[in-house]
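*Asks:* Now that you have both chains on their own, put them together as the hints suggest.
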Amino acid sequence: MGNVIEVQHLSKSFGNHEVLRDIDFSVNKGEVICIIGSSGSGKSTLLRCINLLEKPSGGQIIYHGENILDEKHDIHAYRKKLGMVFQQFNLFNNHNALNNCMVGQVKVLKRSKEDAEKIALKYLKVVGMDHYVNAKPKQLSGGQKQRVAIARALSMEPDVMLFDEPTSALDPEMVGEVLKVMKELASTGLTMLIVTHEMEFAREVADRVVFMDKGVIAEEGPPEQIFNHPREERTKAFLKRTLS
Amino acid sequence: MSIEYIISMITNNWPMFLRGAGMTLLISIIGTIFGSVIGLLAGVIRTIPTPERKLKRVVLKIVNLILSVYIEFFRGTPMIVQAMVIFYGSALAFGIDMDRTMAAIFIVSINTGAYMAEIVRGGVISIDKGQFEAAQAIGMNHVQTMWSVVLPQVIRNILPATGNQFIINIKDTSVLNVIGVTELYFQAKTVAGISFKYFEPFFIACILYFVMTFTVTLILRYIERKLDGPENYSMIGQPPP
Chain A
1 MGNVIEVQHL SKSFGNHEVL RDIDFSVNKG EVICIIGSSG SGKSTLLRCI
51 NLLEKPSGGQ IIYHGENILD EKHDIHAYRK KLGMVFQQFN LFNNHNALNN
101 CMVGQVKVLK RSKEDAEKIA LKYLKVVGMD HYVNAKPKQL SGGQKQRVAI
151 ARALSMEPDV MLFDEPTSAL DPEMVGEVLK VMKELASTGL TMLIVTHEME
201 FAREVADRVV FMDKGVIAEE GPPEQIFNHP REERTKAFLK RTLS
Chain B
1001 MSIEYIISMI TNNWPMFLRG AGMTLLISII GTIFGSVIGL LAGVIRTIPT
1051 PERKLKRVVL KIVNLILSVY IEFFRGTPMI VQAMVIFYGS ALAFGIDMDR
1101 TMAAIFIVSI NTGAYMAEIV RGGVISIDKG QFEAAQAIGM NHVQTMWSVV
1151 LPQVIRNILP ATGNQFIINI KDTSVLNVIG VTELYFQAKT VAGISFKYFE
1201 PFFIACILYF VMTFTVTLIL RYIERKLDGP ENYSMIGQPP P
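Chains A and B supply the protein sequences, listed in that same order.
At position 210 of the first sequence the residue is numbered 210 (my numbering), and the sequence of numbers has no breaks.
Add 1000 to the 1-based position in the second sequence for my numbering, that's all there is to it.
Just chain B, same shape as in the assembly (with noise of 0.2 Å):
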């Protein structure tokens, strides 16, 4: 092993590992996104309170159970499991040839989503119940609150929350090699197959993932701080003393 070797395998193989970040990006990113939607409503359903009407009250306690099987059992089986037995169980059962990177998107999000109903709840219980009792108190339905009042706080506390399930993603997108996606580990994989050199290629990968991991955690800081605003406010005209 040697820097020059490894600058030369970089020069040799570059677009291999670019297309590897690129496709570990996209479905980190897209898989984040998607599963902090779902962890939202997952999240805002299951803080609805209990309905007066009988109805109402059997609908959202079968829809919560729903939502219970959902977030334990994805958050209760490895990824690279459900990778296998999604992927390949689809094939098996209805004959859906699922495409490799829409399958892995599908597999990200949803995890991220059983993880993120959790953040989303934890965040909702820890908004003050009088923000709820004053937008009750002028009138607002469940909807109304949770969109004007509860929500931007809480996606405010769950930031942080959300960026390490960014940062979990693009490191876990990993474990979708076994179904043949061509992710960052995949390719390097590749590589050293074609070099018989094992060291070099995986340390090029976890350059790239560091810098990857790195670059999101320093774009949610600057997310937080443009969420938080100014610390000053300024005055209109000059209050009475």
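Isolated chain A, as found in the complex (with noise of 0.2 Å):
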């Protein structure tokens, strides 16, 4: 199992209020990884971080091997190795379910029209949505659009899959066709990041749980470390608030 990304001492400050301190923490191939932690814990930030939407203030994200904050990197060609899924969805509003997923596949990866449809189409099909190719995303539900969002990302056939809290903008109801999806999604081998408040999914899917207090990352394992043996009482304490 390698390394895909390794995040080596880490930070971000907005002003001087600092968001995320010295961050280690490395993404293996194939890892459905969930990232849990209460509300301004630090948790979209490293996510956002990660394919620098937002510039760390330090420390260095190595991606095969490269340090991909080195000024002479190029951003472009190492953003659309990672699928990113949105709380709110961001589709483009101008296309149709269809074209949200080919636009970048055309633009960006050079592919064909019609090589673009098929794989646009063979992942509308994975998420469920290949009836709705035609509809725009102002015509579909949250969690429609959610599921075109993660056909969107996966169209680019990325090394690393990025959630920043998927369904946390779905009504109730809709929860539940979005982590299914993501569950398929996970059982396929895909390399995942998830950033969740859904505890029952994490200890369900993950093959490793990250808890983030404070801008740092306060305990990490495997779920059943986490969840029922947790070592940290920061841990505990949240647990107990969130699951109760």
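Possibly wrong hints are sitting among the right ones.
To be verified - A few chain A residues facing chain B, derived, Cβ under 7 Å: (1) His9; (2) Ser11; (3) Gln88; (4) Asn99; (5) Val103; (6) Gly104; (7) His131; (8) Asn134; (9) Ala135; (10) Gln139; (11) Met156; (12) Lys180; (13) Phe227; (14) Asn228; (15) Leu243.
Stated by the list, open to error - Cross-link-like lysine-lysine pairs, in silico, DSS-like; alpha carbons within 25 Å at most: (16) A:Lys180 with A:Lys138; (17) A:Lys55 with A:Lys81; (18) A:Lys72 with A:Lys125; (19) A:Lys125 with A:Lys214; (20) A:Lys55 with B:Lys1056; (21) A:Lys180 with A:Lys81; (22) A:Lys138 with B:Lys1226; (23) B:Lys1129 with A:Lys138; (24) B:Lys1056 with A:Lys72; (25) A:Lys236 with A:Lys214; (26) A:Lys122 with A:Lys183; (27) A:Lys81 with B:Lys1061; (28) A:Lys136 with A:Lys122; (29) B:Lys1061 with A:Lys55; (30) A:Lys72 with A:Lys113; (31) B:Lys1054 with A:Lys55; (32) A:Lys136 with B:Lys1129; (33) A:Lys136 with A:Lys118; (34) A:Lys81 with A:Lys183; (35) A:Lys72 with B:Lys1226; (36) A:Lys110 with A:Lys81; (37) A:Lys55 with B:Lys1129; (38) A:Lys180 with A:Lys29; (39) A:Lys81 with B:Lys1129; (40) B:Lys1226 with A:Lys136.
What the hints contain is simulated information worked out from the structure, not anything from laboratory work.
Glycine residues also receive a C-beta, built at the ideal position from the N, C-alpha and C atoms.
*Replies:* Structural data, given as structure tokens:
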């Protein structure tokens, strides 16, 4: 199992507010990692730093042996290897479901329209949205939008999929359909990094759970350890708050 | 004044009115199109995020400064005065004898460009940040993001404001009579000069201006509906229950 991404001593501040402090952590190929923690603990910021939507203030991010924070490194080439799914879906409003999954392939990966369409349809089928290829985002429900957004990210055939609280903006009845798709993806051996508040999901799907608190990784380990035998007091307190 | 007199004035002078209206439309259409292109370019440049590298940052700053001067100057002075300064000034300073129609199109274009630059900038700002982030996250650069994702939405959103600008241009070309462009107001004035009647020719011009602006309004509404696409979408096959 090789390292895909290795984060070393990562820090991030907004002004003089320190959001992340000295984060060390790595993502192995084929691993499903869930990041949990209370709001404001820096989970999302960590994810956004990894694909450089936020510029880290310090530290290194090593991707396949190269430091992507190096000034000479091509950010766009790196980003296309990471799939990102946002809390607010962020589908392109001017494109229908199919084009949402095609535009990146055609513009960034320079695939032909025919290939891009084939691949887009394949992944729209994976998320169960192949019947809705003609629908514009405003015509879809939240859960449907998020599934298209997952298909859009998968269509780029990335090394790693990043999920930033993918179900937090959904109505409760739609959470299930998105989690179901994610469970299926996890079972295919896709490398996934998921920021989530869904504890049951994390327990079931994750190979490793990372608990963050106040900008640091407080504890990490297999779900069995984190949920059943947490070592840190902070983890215990957090789980008591959220699971009760 | 009588209805009969107005009708006879039209029947006697219709080629002049028609040529005037044609010239007004020509100047305002081309001016609006060029102006919109200038506005789009300027608006896009002014919304480029601050680059990391120092050299690029300095270049962008200089370009932005030039654009600001352009926008503020042309928004901040009357078009009638600009027309005089540019048309007579170019003759005086560089010995260029501009074609009057060309000069008119040039002046309307750069004026529209200055207003459109701000309209476009507003349009880009109004696009939710998530759209930019999603495009960046799949590896698009600024130009790709703008072209495939942001500008199509901006253009849809600024269409009403662009229509406004078009209508303003149709009306405001009338000030270009000061440099002798034979647009509708100039022609109406000429007819008035020949006939010694003032109400009738300008009344006819008034009607013609309204017909032109209202037609543009209707066409733009139609385009907006077309761009919005159908309310419903067609399903491919049957989704599972």
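*Asks:* None of the hints should be skipped; say for each whether it holds.
*Replies:* Verification of the supplied hints:
no., hint, result
1, His9, "violated, 21 Å"
2, Ser11, "violated, 18 Å"
3, Gln88, "holds, 5 Å"
4, Asn99, "violated, 9 Å"
5, Val103, "holds, 5 Å"
6, Gly104, "holds, 4 Å"
7, His131, "holds, 4 Å"
8, Asn134, "holds, 4 Å"
9, Ala135, "holds, 4 Å"
10, Gln139, "holds, 6 Å"
11, Met156, "holds, 6 Å"
12, Lys180, "violated, 12 Å"
13, Phe227, "violated, 30 Å"
14, Asn228, "violated, 35 Å"
15, Leu243, "violated, 31 Å"
16, A:Lys180 with A:Lys138, "holds, 23 Å"
17, A:Lys55 with A:Lys81, "holds, 18 Å"
18, A:Lys72 with A:Lys125, "violated, 38 Å"
19, A:Lys125 with A:Lys214, "violated, 40 Å"
20, A:Lys55 with B:Lys1056, "holds, 18 Å"
21, A:Lys180 with A:Lys81, "holds, 24 Å"
22, A:Lys138 with B:Lys1226, "holds, 16 Å"
23, B:Lys1129 with A:Lys138, "holds, 17 Å"
24, B:Lys1056 with A:Lys72, "holds, 14 Å"
25, A:Lys236 with A:Lys214, "holds, 15 Å"
26, A:Lys122 with A:Lys183, "holds, 18 Å"
27, A:Lys81 with B:Lys1061, "violated, 32 Å"
28, A:Lys136 with A:Lys122, "holds, 19 Å"
29, B:Lys1061 with A:Lys55, "holds, 22 Å"
30, A:Lys72 with A:Lys113, "violated, 31 Å"
31, B:Lys1054 with A:Lys55, "holds, 17 Å"
32, A:Lys136 with B:Lys1129, "holds, 19 Å"
33, A:Lys136 with A:Lys118, "holds, 19 Å"
34, A:Lys81 with A:Lys183, "holds, 21 Å"
35, A:Lys72 with B:Lys1226, "violated, 45 Å"
36, A:Lys110 with A:Lys81, "holds, 14 Å"
37, A:Lys55 with B:Lys1129, "holds, 16 Å"
38, A:Lys180 with A:Lys29, "holds, 22 Å"
39, A:Lys81 with B:Lys1129, "holds, 22 Å"
40, B:Lys1226 with A:Lys136, "holds, 15 Å"
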